[in-house]
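Undergrad: Below are the chains, spelled out letter by letter.
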Amino acid sequence: MSVLDELSRPEGPDISGLGLKVGLEVHRQIEGTKLFCSCPTDLSDDPFDTVRRKLNITRSELGEEDDAVQMEVGRGRVNTYQVQASQCLVELDEEPPHPPSQGHIETALVVAKMLNAIVPSEVQFMRKLVADGSDTTGFQRTALVGLGGHIDVMGLRLGIVSVCIEEDAARKISETDEGPVYRLDRLGTPELEVTTEPTMNDPELAGAAARTIGDMLRSTGLFKRGIGTIRQDVNVSIEGGARTELKLVQELNMVPRTIVTEAIRQHLLIEVASVLRERGVTPLSIPLTVVDVTDLFFSTSSKVVQNGLKGGGRVLALPLKGFGGLMGERTVMARLQGSSTALVRKGVDDVRRLGPEFAYHVRVRTGLKGLFHSDELPSYGITVEELTAVQEHLGVDPALDGFVMVCAEHGRAMEALKAVHRRALASLLGVPSEVRRPLPDGRSEYMRPMPGPARMYPETDIPTIVITDDMKEAARKRVPEAPSARVHRLAVGFGLSEETVRSLNNLELLDELEGLSASADPKLVSLLLLQGYPRAREKGLDPSSLSEKALLGTISGVGEGLYSKEALPSVLCQLLTLRISGMDEESALRDARKACSGDTDLGVLVEAARKVAESGRDIIMAKGEGALGPLMGPLMKEMRGRFDGALISSTLKDGIRRVMEGRD
Amino acid sequence: MDHKKRLSMGGPYGAVGVDLSDDRYQGYRGPALEVLKRENVAVWDRVLVRTNEQEVEGILLPRSAGDDSHLVIKMITGYNIGIRHDNILSIEERGSKKANYKIPEKDFPFDPVKPNVTILGTGGTIASRLDYRTGAVIPAFTPGELFGAVPELADIANIKTKKLFGVFSENMGPHQWKTLAENIKTEIESGVAGICIGHGTDTMHYTGAVLSFMVQDTPVPIVLVGSQRSSDRPSSDAARTLIGSVTTAAYSDAAEVMVCMFGTTSDRFCYLHRGTRVRKMHSSYRNTFKTLGDVPIGKVQDGKFTYYKQDHKKRRQDREVKVYPKFEERVTVLYYYPNMHPDILESMIDKGYKGIVIAGTGLGHVNKPLYDPIQRAHEEGIHMYMAVQTLYGYAHMFVYDTGRDLMARGVIPLDNMLPEVAYCKLGWAMGMTQDPKEVNNLMLTPIAGEITPREPYNGFIQGQGGVDSVEHFLSEFS
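Chains as they are written, first to last, in the working numbering: chain A, 1 to 664; chain B, 665 to 1142.
Hints listed in this document are in silico derivations from the structure and should not be mistaken for laboratory results.
Check each hint, because a few of them may be wrong.
[As the list claims (entries may be wrong)] Once the Cα atoms are required to be at most 30 Å apart in a straight line, the calculated DSS-like pairs of lysine-lysine come out as:
1. B:1015 to B:842
2. A:128 to B:977
3. B:701 to A:472
4. A:539 to A:523
5. B:824 to B:986
6. A:637 to A:653
7. B:824 to A:418
8. B:778 to B:824
9. A:653 to A:611
All chains, please: the whole structure from these sequences, using the hints.
TA: Okay, here's the thing in structure tokens:
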């Protein structure tokens, strides 16, 4: 099967024949204090002090492949830490960890039991080396609390490899020339890591599994909610490819798309390797022969090159025999012409080959942002003549060979081309095993080589924890009802459709549904939650800040005949707006109810719409129903918050029609 | 170099001690040990453990804690878990491979142009590496191992190492101090450019003080060095304090007994503290050592020295050094607290202590009930000296009646000598002579900065900075 043919299919790429294998690591932050001290876990913008440290750690200690960058990772890089009043000496690595909070350990046990995992009878915290400086200690503390469980997803049984409790890393603020800048507010926040078997062969299944695990954890009520509190690392491989770890896929609905894109990327790289083999390319045929071609660009009109040369830079080129047409996406896109809409729809519009991979490696190793490869030239102001001159100078065949060119200070340019060369050699073998960072559009970029087997040793500052049978039993008793069972129970119990309750589950509002429905009509409650909450959140308001009393007071306005049930979202927004203006909750509720009362009287809206339509008679005569747009503004101004936008629009449409039909 | 010892690390952040002996059941006892014997497996074996719930494959690790019920398995994923003895159905052995306790050793390069530095070891390891398969910490002390762990050292000096003892620093005492002094003499006479002493940090300032008296007029720097984060940790300060101290020993102009440790919580520089004015002031901070009542001698940063007062004794080319390895053991410290009962002091007298340093309150005070036993001690010829538990400032015993009363009963104020330093000096002085007048003369004559004629106005606040907000706070006072 040619993947390019697959990509051209109107219904999107079918990757079922690629031998896809996906595994997940779901991380979710536990609510409460930090794991090894009593500091709060809220992110903070408070003033900070700056501490600068280096780590004594080498790539070889991490078991990573590349000795060349050992010193850079080791003593060279400066990690800058922003430390605030809400952090203590533990985060700063100036004090040994305190014993882990008992509550957090219990949470971990509940989850292990919920996922049907076996809990070891003695748990030991380990130090897992982390080289990037995101832990002030240079290691992440982690303990295994569950082994070999399983869950059911989409009717299939999915194995759970392990459940671990660990500390979250520091929050990265920026990257400077000398190294990264981290803030310590997040460091030490407890999180649970659930690792599945790498057996899933369907991207949708992986997405569903991520959601199911996330839901199960949330259903305990022991975890944090909101952006950044849950993330999933996705391990993807295809037949003949290699395991790639995609870090921190935050959006659940991005999971399937990220997997599809990665599977296709791997398939393209396998194709590249096979083309290279056919062309007889071997490591010996692509030596690291860097050629200085600066002389060819003295009178160039390329701005990029001009700027590079101005700072005393050189233009260095690396010939890559046999790589012609394998670097750029241009060639691929040409073959895909006419099918781009289907691809755009599936999120694989950008079929990446070696060009971007080269660029990522150069950026990670040298910080240089750009390179030129022959597949994309002439471009960037580089002319055909210049391209030909370089090709002649390098002695490469324009039809079959390629080259990569960098314009920078000599040493840096040299380093960049060495990185390209290393990546070019790897391409002969197909897919390198690596860690990649997903991009918002489903693609991903290279971050670092895949670490070897985890480098772990015991955290001797923390005594081991013996898990007694009583503790296991207590945890088992605290396992909450499975979310799917709960959806079913609430739907039946409250007379709501399963669809409605599932939507509320996805909005993480089942607790609210259950709580409020004890004292109010579940139908009104679900309307408030399903329509009101999203609308409030869109406006940047936070309904979870309201007390149950205020929410019930909002709902009861319907029964008291103050306003229609359709007005509930408006009342909620009004109430929240008054709250953030500083009014106390009771007064805000009273005023919101008052402001929205009378909304039951549709006559008010009909009358207002009639007036607006009448005043816009000229526009209606000129534009007919097209007058809706211009007239909507004035009516909305008057009625916003009292009636739903859609209702206002349809009422106005009626008014316009009346004017057109001369009924008024 | 003897590896068959339990490893020990200085500082509050120790590393795991690993028993490197050939014991098949290291650390196991009770029912857990019975299981190992029953199943005929030993530590470091690769095993498959079958329990009533699951199968676990991994390496059987030694036990370090006191537990007698669990077997520790390092799984292939790297995690350690404990399996309770009565859950185990069977254990299958699948081979054995002992941890690799060797650091990749390279010959320490010798460069005839570079100065020679000797590192004396008192215990623990200055550097180390990990064996990740088992999680064991591997010590580095020989020059070759040090080069493997801290290669930068070869750019600074030629290194020779000499391991004198292997003790936690709280177990240092007169025997170790004397041995150190004698070895320092030997090394100086052999022509080294400087000496480093690897030392646990807890009592480093005691050793700094004692050596300041036992080794006088050294021609070369004598630098105590340790780490507050054990060297198996990526965030360890060990490599950098070691680099700072070897640099100091090799090139510093200051020929004194000094402590070389972090100056700030950031990795910026090391302070060089005078051995008689330095004190460990925090149980875990990197920059735990402070010079009290003065400013440090200087700092070393990126191979460069800054000297703050220029009052240090200068390096000399000759090889003459006075070494007095003496110490009287029957010397003690009485740390006064309100409501102290006289029987404490009585018992010191009864037990035959010959010298007592009183750490008094304020300007140098104790309560009235102690007057009688103090009088008795005086009459029995016991040497009594007053230091202040405020740590900063001088004993001024003429200001209040109490001070005058105590002096009338034979208590002699020691100006701004730190209480721990006073203990060290009294032990040394009484080791040198039992003659009351000579002891008194030795005690009150400054030898190595233990008593200073004046306290600089900024001595109290110096060195407390290191982060911007504190520096800003301090800047408002200058």
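Undergrad: Compare the structure with each hint and give your call.
TA: Results of checking the hints against the structure:
no.	hint	verdict
1	B:1015 to B:842	25 Å, holds
2	A:128 to B:977	47 Å, violated
3	B:701 to A:472	29 Å, holds
4	A:539 to A:523	24 Å, holds
5	B:824 to B:986	23 Å, holds
6	A:637 to A:653	16 Å, holds
7	B:824 to A:418	39 Å, violated
8	B:778 to B:824	13 Å, holds
9	A:653 to A:611	13 Å, holds
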